[in-house]
Every structure is written in structure tokens, then in C-alpha cells.
Amino acid sequence: MNAIIVSALLGVVMMFSGIFTTNKTIIKNIATVGVLVLLAANLMEMYNLFSFDINTHDLIVTQRYGLFFNCIAYGATFIYLLLSASDITEVGINVAEYFALIFFVLCGVAILSSFNGLLMLFIGVEILSIPLYILTGADKRNLKSNEASLKYFLMGSFSTGVMLMGIALMYGATGNFGMVHSAGIRGAIMATQQPPYVLVAGVILLFASMSFKVSAAPFHFWTPDVYDGAPSVFTSFMSTIVKAAGMLAFIRVFENQYTVLGPTWHIVVDFAIVTTLLIGNITAVFQQSVKRMLAYSSIAQAGFMLFALYANNTEIAKEGMLLYAAAYSLATISIFAVLIKLQDYTLDGFNGLAKKEPVLAFAATVSLLSLSGIPLTAGFFAKYYVLAGAMQAGGALWLIIVAVILAAVSVYYYFRVIQAMYFKEGDPQTLPISGGFKAALIAVAALIVILGIWPSALLSWLYF
Amino acid sequence: MIPVLLLFIPLVAGILGFFIKEQKAASNWAIVASVVTLITAIVGIYAMPASMHQFEATWLPSIGASFSVALDGMSKMLVLLTAISMPLIFIATRNNNYNNPGVFYALMLLAQSGLIGVFISMDALLFYFFWELALIPVYFLSSIWGGEKRIAVTFKFFIYTFLGSLLMLVGILYVYMHTKDHSFAWSSFTNTDLLSGQETLPFFLFFIAFAIKMPIFPLHTWQPDAYEQAPTATTMVLSGVMVKMGLFAVIRWVLPLFPVATSAFAMPIVIVSVIGMIYASLIAIKQDDIKRLIAYSSIAHIGLMAAAIFAGGTLGLQGVQVQMFNHGINVIGLWILANAIESTLGTRKLSELGGLATKAPTMAILFVVLAFANIALPLTNAFIGEFLLFNGLFQYNIWIAAAAGVSIILGAIYTLQMVQKVLFGDVSAVTANATEINSYSKWVLVVIVLAVIALGVYPQPLIDLTKDSVNALLVIK
Numbered sequence: 001m002n003a004i005i006v007s008a009l010l011g012v013v014m015m016f017s018g019i020f021t022t023n024k025t026i027i028k029n030i031a032t033v034g035v036l037v038l039l040a041a042n043l044m045e046m047y048n049l050f051s052f053d054i055n056t057h058d059l060i061v062t063q064r065y066g067l068f069f070n071c072i073a074y075g076a077t078f079i080y081l082l083l084s085a086s087d088i089t090e091v092g093i094n095v096a097e098y099f100a101l102i103f104f105v106l107c108g109v110a111i112l113s114s115f116n117g118l119l120m121l122f123i124g125v126e127i128l129s130i131p132l133y134i135l136t137g138a139d140k141r142n143l144k145s146n147e148a149s150l151k152y153f154l155m156g157s158f159s160t161g162v163m164l165m166g167i168a169l170m171y172g173a174t175g176n177f178g179m180v181h182s183a184g185i186r187g188a189i190m191a192t193q194q195p196p197y198v199l200v201a202g203v204i205l206l207f208a209s210m211s212f213k214v215s216a217a218p219f220h221f222w223t224p225d226v227y228d229g230a231p232s233v234f235t236s237f238m239s240t241i242v243k244a245a246g247m248l249a250f251i252r253v254f255e256n257q258y259t260v261l262g263p264t265w266h267i268v269v270d271f272a273i274v275t276t277l278l279i280g281n282i283t284a285v286f287q288q289s290v291k292r293m294l295a296y297s298s299i300a301q302a303g304f305m306l307f308a309l310y311a312n313n314t315e316i317a318k319e320g321m322l323l324y325a326a327a328y329s330l331a332t333i334s335i336f337a338v339l340i341k342l343q344d345y346t347l348d349g350f351n352g353l354a355k356k357e358p359v360l361a362f363a364a365t366v367s368l369l370s371l372s373g374i375p376l377t378a379g380f381f382a383k384y385y386v387l388a389g390a391m392q393a394g395g396a397l398w399l400i401i402v403a404v405i406l407a408a409v410s411v412y413y414y415f416r417v418i419q420a421m422y423f424k425e426g427d428p429q430t431l432p433i434s435g436g437f438k439a440a441l442i443a444v445a446a447l448i449v450i451l452g453i454w455p456s457a458l459l460s461w462l463y464f
Numbered sequence: 001m002i003p004v005l006l007l008f009i010p011l012v013a014g015i016l017g018f019f020i021k022e023q024k025a026a027s028n029w030a031i032v033a034s035v036v037t038l039i040t041a042i043v044g045i046y047a048m049p050a051s052m053h054q055f056e057a058t059w060l061p062s063i064g065a066s067f068s069v070a071l072d073g074m075s076k077m078l079v080l081l082t083a084i085s086m087p088l089i090f091i092a093t094r095n096n097n098y099n100n101p102g103v104f105y106a107l108m109l110l111a112q113s114g115l116i117g118v119f120i121s122m123d124a125l126l127f128y129f130f131w132e133l134a135l136i137p138v139y140f141l142s143s144i145w146g147g148e149k150r151i152a153v154t155f156k157f158f159i160y161t162f163l164g165s166l167l168m169l170v171g172i173l174y175v176y177m178h179t180k181d182h183s184f185a186w187s188s189f190t191n192t193d194l195l196s197g198q199e200t201l202p203f204f205l206f207f208i209a210f211a212i213k214m215p216i217f218p219l220h221t222w223q224p225d226a227y228e229q230a231p232t233a234t235t236m237v238l239s240g241v242m243v244k245m246g247l248f249a250v251i252r253w254v255l256p257l258f259p260v261a262t263s264a265f266a267m268p269i270v271i272v273s274v275i276g277m278i279y280a281s282l283i284a285i286k287q288d289d290i291k292r293l294i295a296y297s298s299i300a301h302i303g304l305m306a307a308a309i310f311a312g313g314t315l316g317l318q319g320v321q322v323q324m325f326n327h328g329i330n331v332i333g334l335w336i337l338a339n340a341i342e343s344t345l346g347t348r349k350l351s352e353l354g355g356l357a358t359k360a361p362t363m364a365i366l367f368v369v370l371a372f373a374n375i376a377l378p379l380t381n382a383f384i385g386e387f388l389l390f391n392g393l394f395q396y397n398i399w400i401a402a403a404a405g406v407s408i409i410l411g412a413i414y415t416l417q418m419v420q421k422v423l424f425g426d427v428s429a430v431t432a433n434a435t436e437i438n439s440y441s442k443w444v445l446v447v448i449v450l451a452v453i454a455l456g457v458y459p460q461p462l463i464d465l466t467k468d469s470v471n472a473l474l475v476i477k
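Protein chains in written order, with this note's numbering: chain L, 1 to 464; chain W, 1 to 477.
Treat the hints loosely; a few may be bogus.
Over the 12 Å line for every Cβ pair with chain W, so calculated as not near, a few chain L residues [to be verified]:
hint	residue
1	Val13
2	His57
3	Cys71
4	Asn146
5	Glu147
6	Lys151
7	Glu255
8	Trp265
9	Leu406
10	Leu447
Derived pair list, reagent style DSS-like, types lysine-lysine, alpha-carbon separation capped at 25 Å [claimed, not checked]:
hint	chain 1	residue 1	chain 2	residue 2
11	W	Lys156	W	Lys286
12	L	Lys140	L	Lys28
13	W	Lys21	L	Lys355
14	L	Lys438	W	Lys21
15	L	Lys355	W	Lys286
16	W	Lys149	L	Lys356
17	W	Lys21	L	Lys356
Rather than coming from a laboratory, the hints here were simulated on the basis of the structure. By construction, the Cβ of each residue, glycine as well, lies at the ideal position given by its N, Cα and C atoms.
Isolated chain L, as found in the complex (with noise of 0.2 Å):
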């Protein structure tokens, strides 16, 4: 509870901070600590010391794990504040409701890391999208911006109405708002021997706005578009810490799936792995922008991370997604911030980087080879944990085949970039570039390497 009252009071802190000071870098350091004290908030309850009591009615229900999420979520957006929070200054004149937004957000994953009903998975996937419509279109003379924003409205504000409806059906067939595996629906299957149709038809509508919601295939449309369009500071935090919440939310709601869909529920899922897999990897090849790029690739890691979904709740697989949602959210913002300070968004934009800036090359290198899965790098237990769950969960060989000669594929686009830091010529044009940035930079690489070498070092604080 603690980490959804802090979080939304936050932002309405961050709203009224605009009203006092228009300082961007007050604004800045109250959002900078604001993460921290929400850190501090959920470490209380998830270590028993404090935590607001309200009877929800079982609407939430707080768990270690979704707790540790949290942490990572959080602590995950202290990082990006760190590297990016001047770059958000930038963007426009509304900097406190930016801050505000991004508290909304953090608000959103909190409930989708704790909901208990799919009333509640409603409600927060909608408090965590309706300020990324607005975040999207931040950069207001920008045309790209606006459209942008405005496909991602039409486009999530339909997925919506279909999560609408696949709650309906499924209310209608159960007759309560209970997740996919509770009680009431395994009453409603027990009763017909087979689940009726109504409530197939739910599940699927869900599993599709879902989809949508992380960027799955073959609901994917819209992601290179708004990714590409909206200001890269907030395509940063969108692909990593919200869609690692969104990706919990899915594998939360549809834990223990077996039992309503049966056979047809690994048909569904192989399905959207292998097409998300596909079509980020393959059309991620033929990208020349970076930042599109990294669109394409965030689909191409939702597909690994939809492994953890496949693996069925599986121990290795539940802990695999919290390294997955670390590594990953970790390598993109890093990557990101090194981008957002560039000119030129182009591959040849990263031409000669590593002579001009040898430590933003660096830290985009330890970050790309993190992406692509590289030994000793955070990225290569995250895809090893969701693969051995996947593996423990049986009947995937295949699946998992298919998954690594498309990672060898993925190795091919995020070199690419490496090449041209590296072993090319050129004059990268760079926003000028602080001290600190740097420092941290390098600290988010070595946070990469610490947890390729010792996972648990992450992964421990689960149990202790």
C-alpha cells in the first residue's frame, strides 16, 4: 500500500512544486529525492516496519515479490532521474507535471505489482497509460510528437475498450472479477467439465490488450511509431520500467492459466512468443535510426520476456523476470541517456564515438552487450533464467531453439552500433556533457557487469 500512496501524493507534490518555483533544477532534485523517499516507503513495508493499513477488500494484496518489484521499478527510475532528469528539463516549459506524470506512472505500476481482481489490473494499467498519452505528446511543436501521442491514445484507448470486454465475458461467465486461476472461474469450468465459450472468449480479449500492452505481436503496431516519435527521455522510461510493469501485470493475471484454456493456452502463447521474437528481431536488421531501432528491440526482449509467462510461475522464471525487468530496464536507460546526448539519431550518428567520448562509448557498450545476451553482462543470466524456467516447464525445445538463433540474429543490429563507436571514422556532434553523467554512466555499467557475474546479488533479496 505504502508505494501507491506515496507515489500518487508525490505527484501531486511535484504538480504544486510547478506553482511555487519554476527553478528547473529544484524541480528536478524534489523529483530526484521524491524517488528515494518512495524507495524508503516500499522497503518499509517489505521489511514489516511501516505500512498505511486500509481494507481493501482484498482488491490488493501486497506480496514480497510484487514488493521487490517495486524496488527494482523504483529504483530503476532513481537511475534514470540520475542520467536523464536535465534531459526532461529540456523538453518543454511544463517541467514540475513531467515529474508529476512520471509519479502517476510509478503510481500505475505499484497497483499492477499488487492487484488482486481484474478490476484492479484495470485500473492500473489505465493509470499507468494515461500519462504516457501525455508524456508522448510532451514535445508539443513537434509534429512526430503529436502524432505519435495521438496514435498511442486511439490505439491504447481501443485496447482498453477490448480489456473491457474481456472482463465483461469473463464476468459474465463467472460472475466475479477474480484473476484467471481463482476459485470462481475453476467453479465455472468444474461445472461444464469444459469452459464455456463466453469465458474463452474473455481470456483471449484480455490476452490480446495485454499484448498490446506490452508490445507483443501481433499487437505490436504501434510500439516503432510512438517509441520513435515521442521525446527520447520519456521513450526511455516507456520501454523499460513501464513495460516491465506492464509484463508482470500480464504474467500475474495469467498465472496458472492451464486450467481455462488448456491445450489451446500453448498454442496462444507459442504464438505470441515466436511472432514477437520474429518481428522485432528481423525488423530491427534493417533499422538505420538507433532510436528505432531500440523500438524494434524492445519488442524482440517483450518475446523473451514472455518466456517467463510460458514457464508457468515456475521459481526459476518468477525470479528470471525480476532479473530480466533489472538487466533490461538497466542496458536501455544507459543506452538511452547515451543517445539522448547525441545529435544525430543514425547509426553514422555513432560514428567515431569512442575516440571523442570514450566513456559513453563504454557504458553504451557494456549496455548493448548486455541487450544481446553476452556472457558476464546482467543481459545474459536475465535471458538464461527465463530460458531454464521455460526449460523446467517442459515442451518448449523448439521454442527455446527458435528464441536463441534469433538472439544470434539480435547480436547482429546491437553490434552494429558497437562497429560504429568503435571501428569508424566520424565527428559525433554531443550535447555537452557533465562530469556526473559520466560517473554515473560508468556506475550503471558496472551495476550491469556485478549482477552478470553474481546474479544473487539481485536476486537475494527476494527471500532475505
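Given chain L, put chain W in place with the hints provided.
Using the frame of chain L, we list chain W on its own:
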């Protein structure tokens, strides 16, 4: 403790090396570090008790992976090869100049650390780690300091091997799920509850990764280009030591894990290897570039070793062990010569060379000895190795041995042709002002040639060193 030292001396030296700016200083640093590693290896292997040859520490207990390293016969031999090669390479190429020399030598040392890690790890996940880590420095070395087409060629090499290792990762996971105690330890991997029919899939997942690395036909297409484009010092590491990773890995991680699948698929693999030998030899005859010629000749030699591994038997396996070492130092010798010719004359084309015997007699003598070793003439070290390999093949199937024998004849043709075109004939415009090779390369070559002859006359030390692993393998089989 010894394996840990062998791992960390080059690793730490490599990391420190990044901060050296000056050419000579960087080169000296690399030589000192690699000599220290060599001394540690020799003292550790021959003078320390067996209890020092193992080390185990907890790493990820929750998934059953541990930092477990050990030196047994086979890994001792390959660690020695790695430790001997690096100082030889550094000294022989001391006159080469690089941009950012500190980074160059640092990456070379990191590659050495990764290679040693591959040879000593006794835990599958750790093995996978080092398998990849040995590759990353080589990727950067070749892409930054390589030839004209370096970026594309190295990239092909990287993706090729990366795909292979990812498949191996799936294989590792598959076997891991079948271990009785859910552990990555080598001892657990060799003692799984895999049914004989379940071995096929992981066998191929592992084997493809190793076959790409060796490389054997038809997965060899990355190799000649990569050897040609990489800077010569890196090529020496690649062909002298790195390709042994594939052979080594088959012996350590395939034969004991999947005995049924190994014997079931031995025949097709042996046949493909022999086809590859003949194919590579035929192409080598047609080559005009010394580097490409040596590359194809290397494919032929590796093919023979791969065939002997799958043919099995004491003699064949013993031969592979001996030959891995011999091929390593011989091919490094050949690369040093190629490097010397290229750096003094500016060309590697056989058609532009000629008459070097009169211009550089010392080099000519060394060249001829190494060429003889490449054909495996008696009194050279390669003779013993190939004799044992052929013995193994002969016992397996006489016709296959005969076909493999053809490649020996072809080997003589291309090697002697190379000797003839480089050393004899008329002095060409390019070679008119050729000089003797520099003293660094010369003395390294002298050491290599002495080793070639010494091990050719008395190969017993190598056989003694590796006897225990061969016997252990046969027990498992």
C-alpha cells in the same frame, strides 16, 4: 590454487594494460605478464602437488553452478600450449606497431585468460562463460587492427560462433535439467539420467558449437577470411590455440556426456571430416596468398584430428592430444614467417615472391623445417601425432584412413609448392631488396624449430602428460 593464478595473472595484467600508452612499454608489459604466466604454469604443473591443481568456490548455489577449476592431463597440456604461445607471439611480433598499443596487448592478455578458463573449467556454466569471453577480445582485436575487410569478416566470424555457443547453451540447459542433483558440475553432467534416445539432440547442440569453432567442413567458411583479415598476432592466437578449444571441448564435454550418440554418429562425422580434409587441401593448392594457404592447411589438419576423435581408440585419442600441442606451435611458426615476409616485403602473394633462399638463408632454413613439420615428415613433432592419428583411423576403418591419406599427399604438394615459390626460383622485383628477418622473430623461430625437432625425436613428455585423461575417457566410454 594454480589454475586460479593462471586465470588471474593474464586477466589482471590485461586490465592494467589498458592504461599503458606507449608501444614499447605495452609490449614489454605483455611479454613480462605472459612469461610470468608461463613460469607459473610450468612450476605449477611440474613442481606442485596435485592438491594444488584444483580449486572450487561457491558461485551461484541456488542454480547449482560453482567456480570449479582443475588441471588434469589434457588441460595441463593445453594450458601449457597457451602459456608458451603467448610469449612467443609477443616476442615475434615485437616490431609490429599498433595504434593504441596498450589496448591491443590488453585484449590479447584477456583473450589468453579466457582461453585458459575454457581449458580449466569443470563446471558447464563457467565453461560457457569463458567460451564466450575468449571470443570478445578477439572480436575487438580483429575489428580494430585487422585488414581491409576486417569489420564484415570479423562480424561473420562472431555471429557464426555466437550462434553456435547459444545452441550449446540450450544443450547445457537440457543436460542440466537431466542431472540428478541439478548441478552444472562436470561430474554431474557425465552422470545424468538421459536415456540413450535423448542424447541425440543435446549431442548435436554441443557438437555444432564445437564444430564451428574447430572448424570442420562445412562450417568452416568463416575461417580463411578471419585468419586473413585478423592482425597476425591475433591470427596466431586464433589458429594456434583457439581452434583447439573446439577439439578440446569435444573430448571434455561431448564424448563423456553422450557416449551412445557419439558412437551412433561417429561414422558420418568422420566421413564429413575426411571430406573436409581433402576439400581444404585441394583449395590450399590453388591459393596465392600465404595466409589463406596456411588457413586452409589448418582446416585439413584439424579435420584429421576431429576424425580421429570420433574414430576413438587409445592411439587415436592419444594422437589428438599430442597433435593439438604440435599443431599449435607449428602453425604459430608458420604465421611468424608469414608475418615476417609481409612486414619486410609488403606482400603475401606467392606469385610475387621468389628467391628468398639466397637473400635470407637463415629464414629459409627455418621455413623449410617448419614446412616439413607441416607435412609431418619423420623427425618432426607432427610425424608422431599424425602417425598416431592415422593408426586410430586405420583401426576404425581402412578405407577412411586411405582417403585421409590422400590429403597428406595433397598437403605435401601445397606445402612444397609454397616453399618453392617463396624460397627458390628467380628473385622477383619485390624480393630484390629482401633482408634477413628481424632477430626477435628469428630467435622465436629457432625456439620453435628446436621444439619441433626435440618433440619429433622424443615425444614421450607429451604422451605422459596426457595419458591419464585418455585413460579416463576410455573408462567412461
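Hints, one by one, checked against the model:
no., hint, verdict
1, Val13, "holds, 40 Å"
2, His57, "holds, 36 Å"
3, Cys71, "holds, 19 Å"
4, Asn146, "holds, 39 Å"
5, Glu147, "holds, 35 Å"
6, Lys151, "holds, 35 Å"
7, Glu255, "holds, 21 Å"
8, Trp265, "holds, 22 Å"
9, Leu406, "violated, 10 Å"
10, Leu447, "holds, 18 Å"
11, W/Lys156 - W/Lys286, "holds, 24 Å"
12, L/Lys140 - L/Lys28, "holds, 20 Å"
13, W/Lys21 - L/Lys355, "holds, 14 Å"
14, L/Lys438 - W/Lys21, "holds, 22 Å"
15, L/Lys355 - W/Lys286, "violated, 41 Å"
16, W/Lys149 - L/Lys356, "holds, 24 Å"
17, W/Lys21 - L/Lys356, "holds, 17 Å"
Hints 9, 15, counting from the list given before, are not met by this structure.
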